[in-house]
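In order, the protein sequence lines correspond to chains Z and R. Residues 1 to 270 in the working numbering are what the first sequence spells out, letter by letter. Residues 1 to 427 in the working numbering are what the second sequence spells out, letter by letter.
The hints are simulated quantities; they were obtained by calculation from the structure and are not laboratory data. Heads up, some of the hints might be wrong.
[What the hints assert, rightly or not] Covered, in the sense of this in silico footprint (three residues per stretch, anywhere, with C-beta under 8 Å from a C-beta of chain Z), are these stretches of chain R: (1) 164 to 173; (2) 291 to 304.
[As the list claims (entries may be wrong)] Taking lysine-lysine pairs in the DSBU-like style, the calculated list, with each CA pair at most 30 Å apart, reads: (3) R:K75 to R:K119; (4) Z:K160 to R:K261; (5) R:K171 to Z:K160; (6) R:K261 to Z:K158; (7) Z:K158 to R:K189; (8) Z:K160 to R:K75; (9) R:K312 to R:K336; (10) R:K196 to Z:K158.
[As the list claims (entries may be wrong)] One side only, chain Z facing chain R, incomplete, derived with CB under 8 Å: (11) L171; (12) G235; (13) R237.
Ideal placement from N, C-alpha and C gives every residue a C-beta, glycine not left out.
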Amino acid sequence: MPLFWLRIAVILYGVGLLYSFLGLSRKSEWLSRFVIPATALGALLHLVSLVETTFEYGHIAPTTVHHSESLLAFLCMALFLAVWAVYRTTAFGIFVFPLVFLLTFAASIGQQPPEFTSELLRKGWIVAHVALIFAGYAALFLSFVASIVYLLQERGLKSKSSGTISRLPALEVIDQIGYRALILGFPFMTVGLIAGSVVAQAQFGATFFLDPKILLSLLMWAVYMLLLFTRWNSGWRGRRAAFLSSFAFLIAVGAWAANYFSGVHRFLQL
Amino acid sequence: MRLSLLGVNHRTAPVEIRERFAIPESRLAEATQRLARHPGVEEGMIVSTCNRVELLVSSENGHTDLRGFLREYFKTDVSPYEEHLYELNERDAVRHLFRVAASLDSMIVGEPQILGQVKEAYAVARGVGAVHSNLNGVITRAFAVAKRVRNETQVGSSSVSVASVAVELAKKIFGSLEGKHVFLVGAGKMSELAAKHLLAHGAGSIFVANRTHDRAVELAGRFQGEAIRFDELYDTADRADIVISSTGAPHAIFRREHGVKFLQRRKNRPMFFIDIAVPRDVDPEMNRLDGIFVYDIDDLQSVVASNLSDRKSEADRAEQIVEAEVDRCLARFNEKEIVPTIVSLQEQIETIRQAEIDRARGRLGAMTPEQEMAVDALTKAIVNKILHTPITTLKSAAREAEANTLEETIRRIFNLKTEAPKKDQPE
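Modelling step: build the complete structure from the supplied sequences, incorporating the hints.
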């Protein structure tokens with residue numbers, strides 16, 4: 001049943017995907033009326049699916065790759081909807097929808113047998129670790145999207161072509177969204193990493209540090225820190241901030257992918 | 001019913017003429033009442049704004065002397081103004097009303113105030129009972145058309161003056177202008193206007209710097225701003241988010257190195273330079289700095305031009321909507337108008353039928369109820385069959401222009417009396 005809801009959610013997210021394909025063209029105007037209702041309903045069903053899965057396994061921490069993809073997609077979607085609720089802009093969807101669609105689509109392909117069967121997953125520390133890190137990922141992704149939208153809008157204003165300018169939110173609004181996402185995501189990420197370290201320390205001792213996944217995560221955290229620091233110290237935004245946050249995003253993708261060749265982070269039956 | 005409209009507007013008359021016929025709001029109710037009582041007028045409405053004065057009336061026979069109303073009301077001879085007046089009837093009057101309400105006849109096409117003004121005029125006219133039946137339908141239709149135009153076209157949605165484009169751009173950079181500071185460098189008419197617009201949209205304080213400091217002080221006083229000495233310009237300019245520059249300097253006063261310094265002090269918060277000076281005050285190189293946006297007068301004007309051409313093409317679409325709505329509106333009215341003719345035609349024939357049955361009854365003698373019914377059914381069938389084509393033809397003709405002639409013909413052929421158009425009667 002969770003899969004059923006998820007598949008309907010994918011179809012609804014398809015409206016969002018279509019919207020992002022139309023991009024900033026004039027045609028997207030009529031679609032923008034449906035995109036929020038459709039994707040919000042999708043997110044609701046997505047939530048239903050997640051809750052059902054949680055009951056099935058008895059804990060919130062993802063038990064399969066698909067499950068974790070689904071959880072991350074939902075968090076991104078929830079953040080996007082929060083931005084829409086506050087700022088009434090769907091422009092971020094152009095970049096958010098493809099990722100959400102892709103992740104959810106992959107997750108809805110089929111039911112995997114529980115992969116991460118380690119007893120560790122039932123521990124509160126791990127649950128906190130996963131939930132916090134995922135929220136941090138989603139916030140980082142949103143601030144990355146914000147920096148791209150910022151660049152687009154800046155380009156539009158500088159080139160003095162009125163076309164794209166009118167469809168995007170104001171420059172300072174985009175900046176604010178990106179900044180708030182960073183501020184929101186950083187504590188999640190930090191506490192999430194600490195929680196993970198606590199578990200790993202207890203389980204593997206000090207050697208867990210040398211795992212590629214852990215190293216990438218720490219690097220990502222450092223770049224994240226740098227992003228915030230340059231912002232506070234010299235108000236970096238626009239091009240320089242976009243460069244940094246795309247770097248952070250790339251490392252985040254790497255850290256996510258590192259799961260496939262990480263020793264300590266596989267949560268197989270121990 | 002006939003609709004007529006007499007008026008002057010910004011296209012046909014300069015303000016000196018328009019103001020002669022303007023009716024202040026306080027006297028509009030009384031004027032509308034008098035219009036409604038004018039000979040021949042059934043219903044009437046007066047729209048009086050700074051750009052137009054228009055009398056719209058419906059009359060039974062189309063013979064209303066609206067010029068006579070102007071003559072009496074303003075106690076002046078109207079003939080010298082003949083070249084400025086326009087009089088429209090029926091279809092043209094409906095179309096004009098629709099275009100006015102949809103803001104297609106405005107000086108700035110698409111400006112939103114006019115609809116409100118027409119609505120007020122309508123409320124006044126209804127209030128004094130000058131508008132009740134026929135005109136009511138046309139005017140409320142005009143409001144619906146205006147709404148349709150606003151919803152289905154972009155005709156009112158873009159800025160078409162340099163000052164409003166400046167505001168629009170500032171909003172695209174800063175979102176809300178709330179609490180943003182504006183710096184006027186040089187005091188000119190246009191920069192003053194732009195500043196006024198920005199303030200009206202929420203901008204916070206204003207700084208003014210001018211080569212002649214007294215002028216700066218005077219201007220700052222008017223905006224309740226702060227006058228800055230011109231030699232302190234570079235040390236203070238970064239306090240402003242929006243700089244409007246319009247000095248007569250022969251070369252740029254804001255150069256790239258200034259921009260770099262400003263950004264540093266502002267921690268890279270964006271800055272918007274509006275350069276309306278010729279020769280330019282702001283080095284275009286500044287626009288290359290991240291976070292600084294420079295628009296010179298040509299940039300602003302090209303935005304205005306592209307907005308205007310957008311409006312133009314949108315206005316063309318709006319005109320099509322209006323035209324279609326005029327057709328629909330008139331069709332409905334004509335259909336309503338044809339009803340009395342159809343009714344009197346049916347009555348006429350029915351009278352003949354009854355009379356013939358009565359005459360026949362004398363000759364046929366007493367009939368059984370069945371026979372009575374048979375005769376009745378027979379005659380009714382004949383009458384209905386004969387009338388069928390004329391009535392359907394009348395109904396379908398009502399939607400087209402030939403309605404009146406066809407109606408006339410039928411009235412004459414069947415010798416129908418009553419409310420035939422009284423066009424030929426003397427007043």
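Against the structure, the hints:
Under a criterion of three residues with beta carbons nearer than 8 Å to beta carbons of chain Z, the stated coverage of the stretch 164 to 173 of chain R is upheld, 4 such residues being counted. Figure legend: the stretch 291 to 304 of chain R, annotated as covered by chain Z; annotation consistent (6 residues with Cβ-Cβ distances under 8 Å, at least 3 required). At most 30 Å may separate the alpha-carbon atoms for a hinted pair to count; K75 (chain R) and K119 (chain R) meet this at roughly 28 Å. At most 30 Å may separate the alpha-carbon atoms for a hinted pair to count; K160 (chain Z) and K261 (chain R) meet this at roughly 24 Å.
Between K171 (chain R) and K160 (chain Z) the CA atoms are separated by roughly 14 Å; this keeps the pair inside 30 Å, and the hint holds. Between K261 (chain R) and K158 (chain Z) the CA atoms are separated by roughly 20 Å; this keeps the pair inside 30 Å, and the hint holds. This hinted pair checks out: K158 (chain Z) and K189 (chain R) have alpha carbons roughly 26 Å apart, not beyond 30 Å. With a C-alpha separation of about 56 Å, the suggested pairing of K160 (chain Z) with K75 (chain R) is violated against the 30 Å cut-off.
With a C-alpha separation of about 36 Å, the suggested pairing of K312 (chain R) with K336 (chain R) is violated against the 30 Å cut-off. For the proposed pair K196 (chain R) and K158 (chain Z), the alpha carbon gap of about 25 Å is at most 30 Å, so the pair holds. The criterion of a C-beta within 8 Å of any C-beta in chain R is met by L171 (chain Z), whose closest approach is roughly 5 Å, and the hint holds. A least Cβ separation of about 3 Å between G235 (chain Z) and chain R falls short of the 8 Å threshold, and the interface hint therefore holds.
At its closest, the beta carbon of R237 (chain Z) sits 6 Å from a beta carbon of chain R; the interface hint therefore holds under the 8 Å criterion.
Comparing the model with each numbered hint stated earlier shows that hints 8 and 9 do not hold.
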